[in-house]
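Chains as they are written, first to last, in the numbering used here: chain G, 1 to 322; chain V, 323 to 644.
Just so you know, these hints were derived from the structure itself, not from any lab.
Honestly, I wouldn't trust all of these hints.
Claimed, not checked - Just so you have them, the derived chain G footprint on chain V, three or more residues with Cβ under 8 Å:
id : segment
1  : 347-358
2  : 437-446
3  : 469-476
4  : 597-609
For each residue, glycine too, the CB sits at the ideal point set by N, CA and C.
Protein chains: 2
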Amino acid sequence: MFRISEYSAMAEAKIRALDFPKDNLSGLYAPIAYGMQAGGKRLRPTLLLMAADAFGDAADKAINPAVGIEMFHNFTLLHDDVMDNSDLRRGRPTVHSKWDENTAILSGDTMLTLATKLISDVDDDILRTVINTFNDQALRVYEGQRLDMDFESKEEVALDEYIEMIKAKTGALLGGAAKIGALIGGASEADAEKMYEFGLMLGVAFQIEDDFLDTFGNADTFGKPIGGDINNNKKTFLMVKALVSGGPNAEALKAALKMAAGPTKVKTVTRIYEAMGIAEVCKAEVASYSSKALTAIKKTSLSDDRKDAFRKIIEKLIGRSK
Amino acid sequence: MFRISEYSAMAEAKIRALDFPKDNLSGLYAPIAYGMQAGGKRLRPTLLLMAADAFGDAADKAINPAVGIEMFHNFTLLHDDVMDNSDLRRGRPTVHSKWDENTAILSGDTMLTLATKLISDVDDDILRTVINTFNDQALRVYEGQRLDMDFESKEEVALDEYIEMIKAKTGALLGGAAKIGALIGGASEADAEKMYEFGLMLGVAFQIEDDFLDTFGNADTFGKPIGGDINNNKKTFLMVKALVSGGPNAEALKAALKMAAGPTKVKTVTRIYEAMGIAEVCKAEVASYSSKALTAIKKTSLSDDRKDAFRKIIEKLIGRSK
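Chain G on its own, in the form it takes in the complex (with noise of 0.2 Å):
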């Protein structure tokens, strides 16, 4: 098939269709259906789904692993969103605000298993490749999401730290994505890392591109109220790099850090971001990790049109910029 749409409806499709116990476990399994059905991109699964089609026309076979790295993914989202108090998430209360803090713990946990479990599902001979990616690339999540708590707390963080940082959170479960999609559809391991590259550097472009949207995004395409990020003093790509350019206007927006969040201080640092030309310095980012991401494709040995395939994923998802 080739075409994006279907392998996200595919993905969601499937989703749907989970079976989850009820009766006296719907205290467990409810929260992780309602978890599992917000919606969204399917971003992570639709990479994996692309990625077996086009190594091997084995999408039909990827699904589990795909729904099992979505499952992963919204676990992560579950955690996250206790960890950081957060009580909407795509306009739906979080399951902690829905249910309770310790609901959204153990439901969490049980979907990193239960994500294992279908990520498992693959042919024997490819079995421990498969897992240990999904591991590697899991403990990498959590020490993206530690160095991203830590930052909070420091003054300054310098630019590689933040793209190291941004890697590890974002970019290795898309690498990983990808890398397992192709394993499925029977890529050599050549291939597969050229796969693992990609997704890795597409997630570093599309982060950067989130961290620019909630600045200077359009607030119905984005899907949240612009800003947020500002009023929280989130070390973004923006901030981080507007600090370590150092002078007065890097002075100007420390000073602005120390405002009450509101629209007069989303106003300012937005200013003070638009004097030092940070938008510019963002879409150069955006371009050169996409750039990254396309080369990785084009050293594939697969064929023409299907490269094509993963560069429309690219400009897809770093076209919201433009």
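Given the coordinates of chain G, work out where chain V should sit on it, guided by the hints.
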């Protein structure tokens, strides 16, 4: 070797030698090292190593999966302590009270993935069975924890509901440990299933004994203050049995549950249990499940001296109430 203390020492030594990333990731891994070094009986890895040795002199080969099972157990303790808001475990501050709740959640998640990695360190021919066994028993543990949480707000819990809960929460992981050890030792599927049954029944006996000791034990040998379950109105075997027995004593118990926590409440409830002969019912139940564990061992193809090692572990664990 076949001496229980040697297997637990072997597990302990490997746990002490675990090496975690430091530097900028110590915020994630230091709480894991702390949680793992809390000591304790190391029952689950001991059982796994014993089973591997009994079936194939394979304790050395089984050391990583053994540590993995203990890592999983300690992950559940980290998250349980958050959910129960417990500040102390084995006389030390819990992870969430020494660090914070977010650290306990995230480092706990990391432990679950590290556990899966360690448990995957088995030969290719048993990898899938071992991973499936582990994941399925992990799900049972979460299900048991959920039921236990749900029992808190239930007026009355049936005795068989209670037994199902402790089978899941405590028995399943002991069963999984014994089965995985047996598989590593080269046991047949039939023998591995009997070892599962052994661990499951041992776990039920162990948990009922633990409930007994929390009311009728000796604080010095039990390791925690007596009466904690009574003060928390916890639905233990003792309370469930007393409540379903009905009659004036059960009514008196219901009234006592409304008392404020303290030594008077503990004394009042203990006297009601004594009047109802609950201690004797407990002992009989522990003996019954111990006997089921022994029967499972007898049905394996192990030689008599190897069976004897498992008889000794039953005696050791449930000898505490004698």
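Comparing the hints with the structure gives:
1. Interface restraint, the segment 347-358 of chain V with chain G: holds (3 residues with C-beta to C-beta distance below 8 Å; minimum three).
2. By the rule of at least three residues with a Cβ nearer than 8 Å to a Cβ of chain G, the coverage given for the segment 437-446 of chain V holds, with 4 such residues.
3. Check on the segment 469-476 of chain V: 3 of its residues sit with their Cβ under 8 Å from a Cβ of chain G, so the three-residue criterion for coverage holds.
4. Only residues whose beta carbon comes within less than 8 Å of a beta carbon in chain G count, and the segment 597-609 of chain V has 0; fewer than three means the coverage is violated.
In terms of the numbered hints stated before, the structure departs from hint 4 and from no other.
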